[in-house]
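Engineer: For reference, the chains in residue letters:
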Amino acid sequence: MLEVVGLTKRYGETTALSGVSVEIASGEIVGLLGPNGAGKTTLVSIVAGLRRPDAGTVRVCGIDVATDPISARRRLGLAPQELGIYPILTVEENLRFFAEVAGLRGRPLRQRITEVAEALGITPFLSRQARFLSGGEKRRVHTAIAMVHRPSLLLLDEPTTGVDVQTRGRLMEVVRGLAADGAAVCYSTHYLPEVEALGASVAILDHGELIARGPVEELVRAHGRAALELTFEGPLPPEELVTQLGAEASDGRLRIYAQEPALEAAAVLTRLGDHAHRLRSIDIVTPSLEAVFLSLTGRRYGAQDEATSEADVDGEAERVPVS
Amino acid sequence: MERPNVSPSRSAAVARHELRLLRRDPVFLLTFTLMPLIVMAFIKPAFRYLIAPQQGISVNGSEQAVPGVAVMFSMFLVGNVGFGFFREYGWGTWERVRASWASPAEVMVGKTVVPMLQSAIQLTILFGVGGLLFGLHVRGSILALGLVAAAFCVCLISLGLALLALCKTIMQLNAFANLGAMVLAGIGGSLAPVNALPAWARAIAPITPSYWAMRGFRQIILHGGGPLAAIGPIGVLAAFSVGFLAFALRRFRFEDVKTSFA
Numbered sequence: 001m002l003e004v005v006g007l008t009k010r011y012g013e014t015t016a017l018s019g020v021s022v023e024i025a026s027g028e029i030v031g032l033l034g035p036n037g038a039g040k041t042t043l044v045s046i047v048a049g050l051r052r053p054d055a056g057t058v059r060v061c062g063i064d065v066a067t068d069p070i071s072a073r074r075r076l077g078l079a080p081q082e083l084g085i086y087p088i089l090t091v092e093e094n095l096r097f098f099a100e101v102a103g104l105r106g107r108p109l110r111q112r113i114t115e116v117a118e119a120l121g122i123t124p125f126l127s128r129q130a131r132f133l134s135g136g137e138k139r140r141v142h143t144a145i146a147m148v149h150r151p152s153l154l155l156l157d158e159p160t161t162g163v164d165v166q167t168r169g170r171l172m173e174v175v176r177g178l179a180a181d182g183a184a185v186c187y188s189t190h191y192l193p194e195v196e197a198l199g200a201s202v203a204i205l206d207h208g209e210l211i212a213r214g215p216v217e218e219l220v221r222a223h224g225r226a227a228l229e230l231t232f233e234g235p236l237p238p239e240e241l242v243t244q245l246g247a248e249a250s251d252g253r254l255r256i257y258a259q260e261p262a263l264e265a266a267a268v269l270t271r272l273g274d275h276a277h278r279l280r281s282i283d284i285v286t287p288s289l290e291a292v293f294l295s296l297t298g299r300r301y302g303a304q305d306e307a308t309s310e311a312d313v314d315g316e317a318e319r320v321p322v323s
Numbered sequence: 001m002e003r004p005n006v007s008p009s010r011s012a013a014v015a016r017h018e019l020r021l022l023r024r025d026p027v028f029l030l031t032f033t034l035m036p037l038i039v040m041a042f043i044k045p046a047f048r049y050l051i052a053p054q055q056g057i058s059v060n061g062s063e064q065a066v067p068g069v070a071v072m073f074s075m076f077l078v079g080n081v082g083f084g085f086f087r088e089y090g091w092g093t094w095e096r097v098r099a100s101w102a103s104p105a106e107v108m109v110g111k112t113v114v115p116m117l118q119s120a121i122q123l124t125i126l127f128g129v130g131g132l133l134f135g136l137h138v139r140g141s142i143l144a145l146g147l148v149a150a151a152f153c154v155c156l157i158s159l160g161l162a163l164l165a166l167c168k169t170i171m172q173l174n175a176f177a178n179l180g181a182m183v184l185a186g187i188g189g190s191l192a193p194v195n196a197l198p199a200w201a202r203a204i205a206p207i208t209p210s211y212w213a214m215r216g217f218r219q220i221i222l223h224g225g226g227p228l229a230a231i232g233p234i235g236v237l238a239a240f241s242v243g244f245l246a247f248a249l250r251r252f253r254f255e256d257v258k259t260s261f262a
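Protein chains in written order, with our numbering: chain A, 1 to 323; chain B, 1 to 262.
Watch out, some of these pointers could steer you wrong.
[Claimed, not checked] Among the chain B residues that face chain A by a calculated CB cut under 10 Å, a handful are:
hint, residue
1, R10
2, A12
3, A13
4, R16
5, R20
6, E88
7, T93
8, R98
9, A99
10, A102
11, V129
12, F252
13, E255
14, T259
Hints listed in this document are in silico derivations from the structure and should not be mistaken for laboratory results. Just so it is clear, CB atoms sit at the ideal spot from N, CA and C, and this is done for glycine as well.
Just need the whole structure built from these sequences, with the hints factored in.
Structural biologist: Spelled out as structure tokens, the structure:
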């Protein structure tokens with residue numbers, strides 16, 4: 001359904017994408033993961049024909065986006081990262097516009113609006129102007145627009161940004177339903193637990209490169225090593241001690257890979273000696289997508305974006321405060 | 001390269017959508033259609049004395065007040081073409097429109113139909129109601145008057161597209177559209193007959209579309225001109241339209257990101 005081969009995109013000196021290749025089959029949900037600035041939005045935009053790549057090809061249902069962008073666009077539905085709805089129109093009018101442009105008229109149009117509104121729980125707001133909706137309701141309308149014409153390929157760029165738990169759950173349910181009906185779904189997010197909950201396979205981008213691709217379980221099995229992460233007040237312990245502990249120093253932390261990190265913690269504290277007094281926290285990284293990212297990049301997921309890192313790792317690592 | 005592709009039904013869908021947006025917020029159109037009628041009332045008496053000696057025929061002032069004010073206020077609608085795009089940037093819907101089934105040509109056609117319609121409605125009301133209220137007597141052909149007005153509408157929309165292509169922010173568009181409307185209308189003879197303008201303004205007046213619109217209207221209203229008399233002004237207005245459109249097509253990029261208020 002979607003074939004991306006060797007995609008490269010530069011913005012001046014910055015390389016947003018570097019030789020990215022990825023495929024999504026009909027009925028497959030692919031979680032496009034990566035921290036902020038990893039290249040997710042650039043990839044989605046190029047697939048949607050909104051930006052031109054410097055190199056590489058994108059085919060949607062076998063149609064080359066570069067040579068026939070209009071035909072390619074008619075196979076896909078896009079919900080960009082930025083909220084895009086007409087605030088002064090009603091929800092129904094928002095949906096109607098994009099459905100009419102896609103050629104729907106009369107009863108099929110009304111039926112499709114009803115279906116999509118029902119699925120996303122926006123039926124009670126159909127006659128309300130979009131500007132009067134809450135943030136979560138607006139996000140549901142935004143996503144509904146992307147699927148109102150039954151696209152073969154659905155591109156959702158961070159669809160759950162800023163939404164409540166209820167909306168998040170409903171969106172994910174709808175995405176699973178669409179895939180079950182045969183649509184290919186590219187679900188860009190930086191919330192790792194979401195992808196695990198979707199049962200999606202993943203494509204992990206980092207600094208514009210695809211660093212992993214496959215089902216979550218496979219990646220976790222191959223790369224998701226459990227570890228202990230130690231953060232210190234002041235400088236890290238001396239190098240001899242780091243070597244003795246079998247640790248890696250990265251991002252101002254010590255990382256010790258272990259089969260049972262919780263059991264390892266007590267021994268490590270003893271071996272730290274006086275340096276244990278400067279310990280600020282011990283994180284236990286369990287085998288998960290977070291651990292996969294850590295293992296492949298040597299960095300905590302979201303470490304570049306401190307504002308979101310705490311939320312991102314929730315559920316991925318258990319933090320043990322050290323008094 | 002995207003091939004030219006215009007489906008009337010998709011362009012119509014875009015135009016219907018623009019009409020829905022207009023219906024939700026018609027204040028601009030209503031204001032710029034009703035307010036000129038009040039302005040006509042203010043300035044009609046002054047024009048009676050200004051144009052009577054020049055023309056040597058019986059006039060009541062509406063011969064200049066009605067077309068002059070209509071031309072000036074219709075130029076204020078030029079910015080509407082660009083605002084229709086800038087609000088999409090502000091609402092975050094432009095990328096959605098670009099990723100929709102509509103081709104760039106279908107979007108452009110659909111989005112210019114409604115401003116064109118607005119200009120046509122505005123000119124019709126200003127000439128119709130203004131004419132009735134202020135006793136405008138058209139000595140020449142009404143058909144010719146309509147043809148000049150239609151050519152002027154097309155010219156205004158083309159100018160609006162050129163402005164859209166030129167401006168990177170909504171503030172630039174706002175400044176150029178409003179100031180441009182005043183200056184072009186003034187130099188073109190909307191605020192006062194061209195003969196009453198200073199020599200330097202008379203010299204440059206023919207480089208403005210408003211001059212040719214006013215010249216056409218004057219030929220028909222004051223001198224009883226028919227379609228033949230309108231051919232010259234219509235031809236020049238058409239040439240302006242082609243020039244503005246060529247500029248817009250060359251400069252406007254569908255993928256451009258422009259800055260709106262939001």
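Engineer: Now look at each hint and say whether the structure bears it out.
Structural biologist: These are the hints, each one checked on the structure:
no. : hint : result
1   : R10  : holds, 6 Å
2   : A12  : holds, 9 Å
3   : A13  : holds, 4 Å
4   : R16  : holds, 7 Å
5   : R20  : holds, 6 Å
6   : E88  : holds, 9 Å
7   : T93  : holds, 4 Å
8   : R98  : holds, 6 Å
9   : A99  : holds, 4 Å
10  : A102 : holds, 5 Å
11  : V129 : violated, 28 Å
12  : F252 : violated, 16 Å
13  : E255 : holds, 7 Å
14  : T259 : violated, 14 Å
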